[in-house]
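Trainee: Residue-level listing of the chains:
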Amino acid sequence: MADDVVPVVETQHLTKIYQNRRIALNDVTLRLETGAVLGLVGPNGAGKTTLLRLLLGLHRPTAGWVKVFGQYMTPNAAALRRRMGYIPSHPQFPRGLTPIAYLDYMGRLFGLSRQERKPRLAALLRAVDLLEVSGEPIAGFSHGMMVRLALAASLINDPELLIWDEPTHGLDPEARRSMLELIKNLSQAKTLIVSSHNLSDVDEVCTQVAVLSEGHLIYSGSLQDLRGKMRGRQFEIELDGDQKAVAKVLQTVRGLGEVKQAQLRQKRLEIVLNETGLSSTALASIFMTISDNKVDVLSVRSAGQPTEQAFLQLVEQEESRGFARAWSYREAA
Amino acid sequence: MASHAAAIAASNPPRRFSWWLPYAAVLGMEWRQTWRSWMFRVAMLLVAVLAIGYVLHRAAIYHQAGILQSATVTLAEVLQAGLLLGPTLMVILSAGTIASERGTLADSVLSRGISRYAYFFGKWHGRLAALLAGYFLTAGMALLLACVLLRREDLSLVGTLWALLLEASVLAAVISIGVFFSTTSPGTAMAMLLTWVVIHGLAALLWISGLTLLNPQGLWRWLPFLLRGQYDAVVVAQAIGWAWLVAMGAALIGLVHFSRCDV
Numbered sequence: 000m001a002d003d004v005v006p007v008v009e010t011q012h013l014t015k016i017y018q019n020r021r022i023a024l025n026d027v028t029l030r031l032e033t034g035a036v037l038g039l040v041g042p043n044g045a046g047k048t049t050l051l052r053l054l055l056g057l058h059r060p061t062a063g064w065v066k067v068f069g070q071y072m073t074p075n076a077a078a079l080r081r082r083m084g085y086i087p088s089h090p091q092f093p094r095g096l097t098p099i100a101y102l103d104y105m106g107r108l109f110g111l112s113r114q115e116r117k118p119r120l121a122a123l124l125r126a127v128d129l130l131e132v133s134g135e136p137i138a139g140f141s142h143g144m145m146v147r148l149a150l151a152a153s154l155i156n157d158p159e160l161l162i163w164d165e166p167t168h169g170l171d172p173e174a175r176r177s178m179l180e181l182i183k184n185l186s187q188a189k190t191l192i193v194s195s196h197n198l199s200d201v202d203e204v205c206t207q208v209a210v211l212s213e214g215h216l217i218y219s220g221s222l223q224d225l226r227g228k229m230r231g232r233q234f235e236i237e238l239d240g241d242q243k244a245v246a247k248v249l250q251t252v253r254g255l256g257e258v259k260q261a262q263l264r265q266k267r268l269e270i271v272l273n274e275t276g277l278s279s280t281a282l283a284s285i286f287m288t289i290s291d292n293k294v295d296v297l298s299v300r301s302a303g304q305p306t307e308q309a310f311l312q313l314v315e316q317e318e319s320r321g322f323a324r325a326w327s328y329r330e331a332a
Numbered sequence: 000m001a002s003h004a005a006a007i008a009a010s011n012p013p014r015r016f017s018w019w020l021p022y023a024a025v026l027g028m029e030w031r032q033t034w035r036s037w038m039f040r041v042a043m044l045l046v047a048v049l050a051i052g053y054v055l056h057r058a059a060i061y062h063q064a065g066i067l068q069s070a071t072v073t074l075a076e077v078l079q080a081g082l083l084l085g086p087t088l089m090v091i092l093s094a095g096t097i098a099s100e101r102g103t104l105a106d107s108v109l110s111r112g113i114s115r116y117a118y119f120f121g122k123w124h125g126r127l128a129a130l131l132a133g134y135f136l137t138a139g140m141a142l143l144l145a146c147v148l149l150r151r152e153d154l155s156l157v158g159t160l161w162a163l164l165l166e167a168s169v170l171a172a173v174i175s176i177g178v179f180f181s182t183t184s185p186g187t188a189m190a191m192l193l194t195w196v197v198i199h200g201l202a203a204l205l206w207i208s209g210l211t212l213l214n215p216q217g218l219w220r221w222l223p224f225l226l227r228g229q230y231d232a233v234v235v236a237q238a239i240g241w242a243w244l245v246a247m248g249a250a251l252i253g254l255v256h257f258s259r260c261d262v
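Residue numbers (numbering that gives the first Met the number 0), protein chains in the order written: chain A, 0 to 332; chain B, 0 to 262.
No lab work stands behind these hints: they were computed from the structure.
The structure presented is a predicted model; accordingly, all values stated were derived computationally and were not measured.
Note that CB positions come from ideal geometry on N, CA and C, so glycine has one too.
Hints may contain errors.
Stated by the list, open to error - Between beta-carbon pairs, the in silico distance windows are: (1) B:M38 - A:E317: 45 to 55 Å; (2) B:Q79 - A:G95: 45 to 55 Å; (3) A:G169 - B:G102: 14 to 24 Å.
Required output: the full structure, derived from the provided sequences and hints.
Mentor: Now the structure itself:
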C-alpha cells in the first residue's frame with residue numbers, strides 16, 4: 000500500500016561525475032515521503048550540494064535518475080520547480096535591487112500574477128523582519144538579513160517541497176533558533192530537505208536523515224533508527240551510595256559477559272556493551288548488581304551527543320571498510 | 000518570525016501561472032543590469048565622446064578654416080570606425096551574459112519556476128536589446144549633430160537608416176556569438192577570448208573568400224554609398240538577412256547546449 004503513494008523525491012542509482020575527473024555522487028538511491036523533514040549530513044565535499052542541485056535540475060545526472068512529485072527532474076522541468084522552494088548555501092542577489100524588487104522578480108520568475116505576488120511579498124517581508132529595510136539596497140545587508148531574504152524568496156511561490164542548503168550557517172544564536180522554529184512549523188504542512196553541518200540542528204528538527212560520505216549514501220532512514228543502530232550500547236549511570244559499594248559494583252559489572260568496557264568517574268559508571276545480545280538483558284544484569292550492593296541510581300542516560308556520535312561512528316565505519324567495499328559492491332550487484 | 004512565515008507559507012493562495020512572465024522578468028532584469036553595468040556605461044561614454052568629438056572636430060574645421068565638410072563623409076567615417084571597433088566592444092559586453100553568473104546568480108534564478116529556454120531567451124534578447132539600443136543612441140547622436148553642423152545635401156535619410164540597420168545587424172551577429180560562447184565557457188574571460196577569435200577568424204575568412212555579403216571589406220566600402228542613397232536595396236536586405244541568420248544560428252546552438260548543460 001505504501002508503495003502506491005508517490006514519493007515527493009525519489010532517486011535511483013544517482014551518480015554525478017564532473018568531466019570524468021571527480022566523482023561527486025555515487026549510486027545514491029533515496030526516497031522521501033510527503034511531510035518528512037530530511038536532514039542531509041556529511042563532511043565537507045561529501046556531495047550534499049551536488050545532490051540538492053540534481054534534485055533541482057541545475058545539474059544533470061551522469062547516471063541514474065531523479066523524480067520529484069513522481070516526474071523526472073530535468074533542466075527544463077519548470078513546472079516541477081514551481082512547486083519547490085530553494086535556499087542556496089551562499090545566496091546571491093542581483094546588484095542594485097531592494098528586497099521588494101528582488102522578491103517581485105522572484106515572484107515573476109514563478110509566473111505569479113501581480114495580484115498574487117504583491118500581497119505575498121509584503122507579508123513575507125514582514126514575516127522575516129525586513130519590512131523596515133525593504134526599500135534599501137540589498138548590497139548593504141548583513142549575512143543574516145540576506146539569509147532571511149533568501150528564506151522569503153524560497154516561500155514566495157508557496158512551495159510543497161523546500162530545499163534549504165545550510166540555512167543556519169553563519170547565523171547568530173537568536174536567528175538560528177528562529178530558523179529552527181520555522182522549520183518545525185513548516186514541517187506540519189510541507190516536505191523539507193535541509194542540508195546542514197550542524198548535527199544538533201538536524202537532531203532537533205529532522206524526522207529522517209541521509210548521511211553522505213565521499214559521494215556515497217551510507218545511511219538513509221529515521222534518526223531514531225540511526226541512533227539505535229549505531230549506539231544503543233553506551234550508557235552512563237549516576238550512582239548514589241557508599242564509595243566502597245560503588246567500587247564493588249564496578250568490579251562485578253566488569254565481570255559480566257555482556258559488558259565490553261566499564262569505568263568509574265567519581266560516582267558515574269560509564270559502560271560500553273558488547274555488540275552482540277540485547278542491551279536490555281545486559282542492563283537488567285547491571286541494575287541487579289547495583290541493587291544487590293545497596294547502591295541507588297540517580298540517573299541513566301545514553302552516552303554522548305546522540306546524532307553526532309552516531310554520525311561520526313557511521314563515517315568512521317565507512318572509512319575503515321577500505322577495500323572491503325569493493326567486495327560488498329560485487330555482492331550487492 | 001518563524002510562526003509568521005510558516006503561516007504565510009501555509010496559506011495556500013490560488014495560483015495561476017503566466018508562462019511569459021518568467022521570460023519577461025529575465026529580459027527586464029538583463030536590460031536593467033546591462034544599463035547599470037559600469038563597463039557598459041564606460042563603453043557608451045567612450046563611443047559617444049569619440050563619435051561626437053569627431054563630428055565637432057569636423058565642424059570646427061569648417062568654422063575656423065572655412066573648408067566645407069560633408070556630413071555624409073563624416074558619418075561614413077564614424078560608421079566605418081564603428082565597424083572596426085564595434086565588434087570588439089560587443090565581444091567584451093556580451094561574453095559575460097551567462098558565463099559571469101554561472102554557479103552563483105544563475106542558481107538563484109534557475110532554481111525557480113523558469114525553464115532554461117525562457118532564461119536563455121530572456122538573457123539573449125535583453126542583452127541584444129540593451130547593446131543595440133546603446134548603438135542606435137550613440138550613432139543617432141552623431142547623425143543628428145552631423146546634420147545640424149555639417150553640409151548634408153548628399154545625405155540620404157533612407158540610405159542612412161539602411162546603413163545603421165546593416166551595421167546593427169552585423170553587431171547583433173557578434174553579440175549572439177558572444178552569448179553562445181557565454182553558455183559554453185566556464186568563465187567570462189574564456190568566452191571573450193573564444194568569441195574574439197571566432198569573430199575575427201570569420202571576418203578573415205570572408206575577406207579572403209571574396210564573398211560579397213557580409214565581407215568586412217565590402218561593408219567598409221558600401222557605407223559611404225549607402226549614406227548617399229546609392230545602393231541596391233535587395234543586396235543590402237540580403238546582407239542584413241544573413242547577419243540575422245548567423246545571429247539566430249549562434250543563439251539556437253547556444254540554446255540547445257544551455258538547455259542540457261550543468262549550471
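Trainee: Within 45 to 55 Å or not, the Cβ separation of Q79 of chain B and G95 of chain A?
Mentor: violated (36 Å)
Trainee: Given the hint of 45 to 55 Å, is the C-beta distance from M38 of chain B to E317 of chain A inside that range or not?
Mentor: holds (49 Å)
Trainee: In this structure, is the beta-carbon distance linking G169 of chain A and G102 of chain B contained in 14 to 24 Å?
Mentor: Roughly 19 Å apart at Cβ, these two residues keep to the hinted range, so it holds.
Checked against the numbered hints given earlier, this structure breaks only hint 2.
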